[in-house]
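A.B. asks: Generate the whole structure from the sequences, applying the supplied hints.
Residues per chain, in single letters:
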Amino acid sequence: VTASVSFPDLPSAPFPLAILRALLDRLIPSEDGFPGAVDAGVENYLARQFAGSCAHEATRLARGLLQLDAESFARHGVPFVSLAPSRQDALLGDLEKGRAVSSWPVEVGPAAFFARMVDLAHEGFYSDPGNGGNREAISWRMIGYDPRLPSSATDHASKAAPNAASRSDSGAAANHFPG
Amino acid sequence: MSANDDYYDVIIVGAGLGGGIAAGVLAEAGHRVLVLERGRNLAFDQIAGDHLRNHRLTLYGDNTTVDPGAQQRVFVDAAGHEHVVRPHEAGFNLNAFTVGGGARIWGMQAWRFHPDDFRMASRYGTPSGSSLADWPIGYEELAPYYERAEREVGVAGDNLGDTHAPRTAGFPLPAVPQSPTGAWLARGAAALGWKTFVPPLAVNTQPYQGRGACIQCGQCIGFACPTDAKNGSHNTLLPRALSTGRTTLTTGAHVTRITTDAAGRVDGVEYFAPSAPSVRPVASGGGAPPKPDYERRSARARFVVVASGAIETARLLLLSASSQHPNGLGNHSDHLGRHVQGHYYPTAFGLLPRGVENPNLGPGVTIASTRFNHGNPGVIGGAMLANDFVKLPIIFWRSSLPPDIPRWGLVNKQAMRDLYLRGTDIRGPVQEIPSPDSRVTLDPHMRDHFGNPVARLSGTTHPETVRTANFIRERAEEWLRASGAERVWSWPLERKFSAGQHQAGTCRMSTDPRDGVTDPFGRVHGHENLFVCDGSLHVTNGGFNPALTIMALAFRTATHIAAQA
Chain A
1 VTASVSFPDL PSAPFPLAIL RALLDRLIPS EDGFPGAVDA GVENYLARQF AGSCAHEATR
61 LARGLLQLDA ESFARHGVPF VSLAPSRQDA LLGDLEKGRA VSSWPVEVGP AAFFARMVDL
121 AHEGFYSDPG NGGNREAISW RMIGYDPRLP SSATDHASKA APNAASRSDS GAAANHFPG
Chain B
1001 MSANDDYYDV IIVGAGLGGG IAAGVLAEAG HRVLVLERGR NLAFDQIAGD HLRNHRLTLY
1061 GDNTTVDPGA QQRVFVDAAG HEHVVRPHEA GFNLNAFTVG GGARIWGMQA WRFHPDDFRM
1121 ASRYGTPSGS SLADWPIGYE ELAPYYERAE REVGVAGDNL GDTHAPRTAG FPLPAVPQSP
1181 TGAWLARGAA ALGWKTFVPP LAVNTQPYQG RGACIQCGQC IGFACPTDAK NGSHNTLLPR
1241 ALSTGRTTLT TGAHVTRITT DAAGRVDGVE YFAPSAPSVR PVASGGGAPP KPDYERRSAR
1301 ARFVVVASGA IETARLLLLS ASSQHPNGLG NHSDHLGRHV QGHYYPTAFG LLPRGVENPN
1361 LGPGVTIAST RFNHGNPGVI GGAMLANDFV KLPIIFWRSS LPPDIPRWGL VNKQAMRDLY
1421 LRGTDIRGPV QEIPSPDSRV TLDPHMRDHF GNPVARLSGT THPETVRTAN FIRERAEEWL
1481 RASGAERVWS WPLERKFSAG QHQAGTCRMS TDPRDGVTDP FGRVHGHENL FVCDGSLHVT
1541 NGGFNPALTI MALAFRTATH IAAQA
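Residue numbers (this note's numbering), protein chains in the order written: chain A, 1 to 179; chain B, 1001 to 1565.
Keep in mind that the hints were calculated from the coordinates and are not lab data.
Glycine included, C-beta positions come from ideal geometry on N, C-alpha and C.
Please note: incorrect hints may appear among the correct ones.
[Said to hold, decoys possible] Computed beta-carbon distance windows for the label pairs: (1) B:R1447 to A:A55: 18 to 28 angstroms; (2) B:E1357 to A:A137: 54 to 64 angstroms; (3) B:T1126 to A:R60: 48 to 58 angstroms; (4) B:K1195 to A:V106: 37 to 47 angstroms; (5) A:A18 to B:A1190: 53 to 63 angstroms; (6) A:A74 to B:R1481: 17 to 27 angstroms; (7) A:R60 to B:P1513: 53 to 63 angstroms; (8) A:A84 to B:A1191: 47 to 57 angstroms.
C.D. replies: Next up, the structure:
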């Protein structure tokens, strides 16, 4: 998976993308027939958010990812990406409860960092593909959600309502509604 | 004609349900109308599909606010801490800023209030510390205007089942089709001896007034409608107003003051409007929001109608203080901005048993009961109960999984897969018991882009609201259990400031000027040509979604103005 928007680097290091991917794979794992966060392109959602609505959080969360790695070293002597999934899950379960053995930066507490990453991952996975994740509506097909919007909503609306003076999308009716 | 000497019969501030309907009635009666709307007229694709920025989930923005930096408020939480909040943030109490107002994106429940909703104090007494009062008009007075709203805006309903309020005409559109989930809930209610019916929705269940029918898409509430089957003023009375040739609609217009002449008589408004072409909304992240350039304008009229929603209507009347009215227009008796109400929304969640089909069709609300609106032991008032709208997957993930499901990992993912189509909930809008301390004032420090104080929201509802809400929550749980839900859970409600999309109460009507802001027609006491035309008028806000009552009052007030304008 290639992010179409690049991640913001930290002042002293590139964005820890490998750690992010390893985390995403535990937050929403892939199964046979049911892709997870990595397959669905959630990192693309995150890259877009870090360049937009969540720009103010990007550095803090990147530091959290680096600290996640430090936490893994402190506990097991290996980077997070090298841990077995069961150990990754155990470590993450501790962070969720605020339990850490390494010293996390004051502005990135383990529980708050983890909760935020959980939210972001699921937003990317379950929101509309237009937000950058949920590639080809993978998650929606998994759970049985279909927005059932007309393929061209505007065309559909203008066909369904040829006389509507109120249509603001296009056409003559738009003249009724300046601005 | 230059921008500075515009003269109209009527200026209407706000193009939502109240203002749009008033415009239609007044323009068709022959009057020249200027409608000033802060929002823009947005196309479907601007309010279409962002599941993180819509009026059901405003995580990173909403899909109607243009230039969010121009609109902020100060919210004072229950602990007394102040928060400067933007439209999409908690505490702002957003209703959609756009032509059509909240009805552009609403869920369309179009209820008549119960007759006893107009006489709450008479029926229950006024609890200590509350400002519970009767309306100065009764249901019978409003009934013909409810009927007109149902017909001219378009409401689909169940003529046989919906009997909580007497009616003399049928609904103009057949009720939405019952869903398998609704049928399952109907059986559960019947086992309890509760009557249910398909609730009234302002949706074209078949082509009506030149527009097509609902296609039961899976988004609905929070978004604009792809087939324009979602009825409001934006596709009925407002286009009718414009088609008379006597109505001017100016969007992006921020009204800053209602002006009065040397004698104190209202004679127009001052406002800012974009000097540049309109901009698109900030619908998705990235970059700074567009900032239109505004120019100062004024307009004069024989009548001014304020229809900006309970928060901004109160703010505008407060901002319009003059030497004759130093506390704001209509604030002669210190009621302006007080008694803020919305709806507490107790909700019970449950899981459909395996085998109950859920095709998950929009709009989604298909069954309701009005059994608990009144006459409940030990509590004041009550609420209508109904099932919920179609639910976006991300909203289901955030709020509707059983509480013991882990928040992440394989178990969470499997639960989403297994439970998304089995989740169901029952909820109801609780008639709030107003408090005079729940209020809108002008913030003493924070100013908007135009140099005027922003709305400051403070206080909480009365404790009796919370008691009723928890009673209703228990009834919602009872309904799900009786239906055979596999699991049932809910969350207790607590005291808080309540306004939001159902905001009401800040300009309560009264016969005696000492008891309220406006007279029983919405005319501001002491001002023969200044009217309010939105939920601000509601003395109490009913145990129902308030939109149809806002519409009925708008028809009534506008008809009253038209007769003398």
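A.B. asks: So, for every hint listed, does it hold in this structure?
C.D. replies: These are the hints, each one checked on the structure:
Distance hint check: the CB atoms of R1447 of chain B and A55 of chain A are about 26 angstroms apart, consistent with the given range 18 to 28 angstroms. E1357 of chain B and A137 of chain A have their C-beta atoms about 22 angstroms apart, which leaves the hinted 54 to 64 angstroms range violated. One distance hint, 48 to 58 angstroms for the beta-carbon pair T1126 of chain B and R60 of chain A, holds here, with the actual separation near 51 angstroms. The hint said 37 to 47 angstroms for the Cβ distance between K1195 of chain B and V106 of chain A, and at roughly 59 angstroms that hint is violated.
A18 of chain A and A1190 of chain B have their C-beta atoms about 58 angstroms apart, which keeps the hinted 53 to 63 angstroms range intact. Between A74 of chain A and R1481 of chain B, the C-beta spacing of about 49 angstroms breaks the proposed range 17 to 27 angstroms. Between R60 of chain A and P1513 of chain B the beta carbons are some 55 angstroms apart, a value that agrees with the proposed interval 53 to 63 angstroms. As the Cβ distance of A84 of chain A to A1191 of chain B is approximately 51 angstroms, the hint placing it in 47 to 57 angstroms holds.
Checked against the numbered hints above, the structure violates hints 2, 4, 6; every other hint is satisfied.
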